[in-house]
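2 protein chains.
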Amino acid sequence: MSQTANSKIYAAIEGGGTKFLVGIFNANRELLAKKTLKTQSPAETLGACTRFIQEDSRRFGKLTALGIAHFGPLNTLPSSPDYGKLGRTPKPGWSHFDLLGFVKEALGTQLPIRIETDVNGAVLAEYAWGAGQGINNLLYLTIGTGIGGGALVNGALLHGYAHTEMGHIALPRLPDDDFEGVCPAHGDCFEGLCTGPAIAARWGMPATQLPDEHPAWQLEASYIAKALRNYAYTLAPERIILGGGVMDRRFLFPMIRAAFIDEMAGYGEPSVDLDKYIVPSGFKGDAGLYGAFKLALEA
Amino acid sequence: MSQTANSKIYAAIEGGGTKFLVGIFNANRELLAKKTLKTQSPAETLGACTRFIQEDSRRFGKLTALGIAHFGPLNTLPSSPDYGKLGRTPKPGWSHFDLLGFVKEALGTQLPIRIETDVNGAVLAEYAWGAGQGINNLLYLTIGTGIGGGALVNGALLHGYAHTEMGHIALPRLPDDDFEGVCPAHGDCFEGLCTGPAIAARWGMPATQLPDEHPAWQLEASYIAKALRNYAYTLAPERIILGGGVMDRRFLFPMIRAAFIDEMAGYGEPSVDLDKYIVPSGFKGDAGLYGAFKLALEA
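Residue numbers (my numbering), protein chains in the order written: chain A, 1 to 299; chain B, 1 to 299.
Only chain A is shown next, with the shape it has when bound in the complex (with noise of 0.2 Å):
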């Protein structure tokens, strides 16, 4: 069967922590269908985004490629003989799972699929259709289940000995918050102290229901522009995404940026308007979904 370019078909999978988007495209970018999964173990997520990859692909015509923007750590240097395996996580059940086995087995070998972590995804497709457009150099850091950061440098993914962990930097504590953090790792790095699990153990609720007014979003503005300042000073970014669950309180931006300013003082700051600096994600909550899509049309 041959294909107009419009007529290919891309299926697309976030993957996060707390839950799984599979979306279907096709080549004008079009979300044809979608689904969103509680993620459980991964035989059960992966065979439920691989069953509807199957299913509803087929109503729309062949399936071109596949591409994953999933949560790390994971082997994502297509050149290693552990290539799309995640690496030991805190999650049960998914701690160095063979994700591009499973989907292969599942989807068939012959499909062309790419592998990305979930913030990578989403820095391309920011790059591409989002807040970033045009930025050579950007970074887009997610804060929610988790944190961490994907960069592109001279317009390339940023990759060394394997993807970034940008979440697991130390910071500085803020005088008298002893709060011991969550990280299993580290404790109190930057992922340990500002995560929506973070916040929900330091004030013993879940982050979802405090109220705008409380104390605990003025801390968490504070320690994301520690942690801006860091990226700021190691990468130059031009532009600074912040996307995430926690990042959905809007008002922590100008919190954010404030506090940002007082971390640089002065000294070699980004010399444009922070409103235009650190922004909101370009898409509604799913630039992982649509970093996968960009993973498939470039697999």
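Certain hints may be false.
Because identical chains share one entry, a pair is satisfied inside a single copy or across any pair of copies.
[As the list claims (entries may be wrong)] The calculated lysine to aspartate or glutamate pairs, modelled on EDC-like cross-linking and capped at a C-alpha distance of 20 Å, are:
1) 8 <-> 298
2) 85 <-> 269
3) 91 <-> 269
4) 104 <-> 269
None of these hints come from the bench; they were simulated from the model.
For chain A, the structure is supplied; the task is to place chain B on it using the hints.
Just chain B, lined up with the frame of chain A:
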């Protein structure tokens, strides 16, 4: 006068906060002449550099190009109207100095010149000929009068809204350490805690006079390891090269490697021998000069 490749003559200036190095190279990377100068006012120091270049290069042939690897903050974007000008710096007399303008005035506007930060020059030299050959994701860090980092990502210099300012990241303080730090902007950032001048201010004597057994060095190694953790999680460099005067104390390397392993806590660390991961410069204190030569070759 026609020149074969081998007869081409290049000048190189490494501008540091304590001293300047100026060298004349041929295309075979032979250092034909070299001079070391104490850093004084811009006009005195750079005047002496350009006089040396004019007088000494003449002995070897016509100058082909000049490379400058200079302390920042410095505008290194050729497209900017401020290209080659320094930013605000605590060094008396150097703020906003027009480095490129001064050198062009002295050596002629026809001479091809490329200007970068000292650490960006150094990382280019380490990549070409030093301790980072073939390592496409490479970090060079200098710890001396100041602290700065130069990174290659995908084999190219990391540049964003400006050059990086890696010395100014925020770090957690060690227990019972209440030294206020010497950074004029931030106080106790990495640079404020760990440069040569910071060590001198903390312990009341020049760093060079502290004996190897002094507790200063364990403290120094612990803070450096925290910084390396943050760079590792943010940049995932495949190798980290440490240069600068403080790192002449070679016994710091094993102390830093041990503390780095503790900092990473088994999460997302590079899966290589740390003896080959955190390494000294491949140059004997003049990585920046060779970096300036590399810049001249590319000018």
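> When no copy is named, should residue 8 and residue 298 be tagged within, between, both, or neither for a Cα gap of at most 20 Å?
Replying inline: within (13 Å within a copy, 44 Å between copies)
>> If the cut is 20 Å between Cα atoms, do residue 104 and residue 269 qualify within a copy, between copies, both or neither?
In response: neither (46 Å within a copy, 29 Å between copies)
> Given identical chains, is residue 85 near residue 269, meaning Cα to Cα at most 20 Å, within a copy, between copies, both, or neither?
Replying inline: Classified as between; 17 Å across copies, 38 Å inside a copy.
>> Within, between, both or neither: how does the pair residue 91, residue 269 come out at a Cα-Cα threshold of 20 Å?
In response: Between copies only: 19 Å across, 37 Å inside.
Hint violations for this structure: number 4 only, all remaining hints satisfied.
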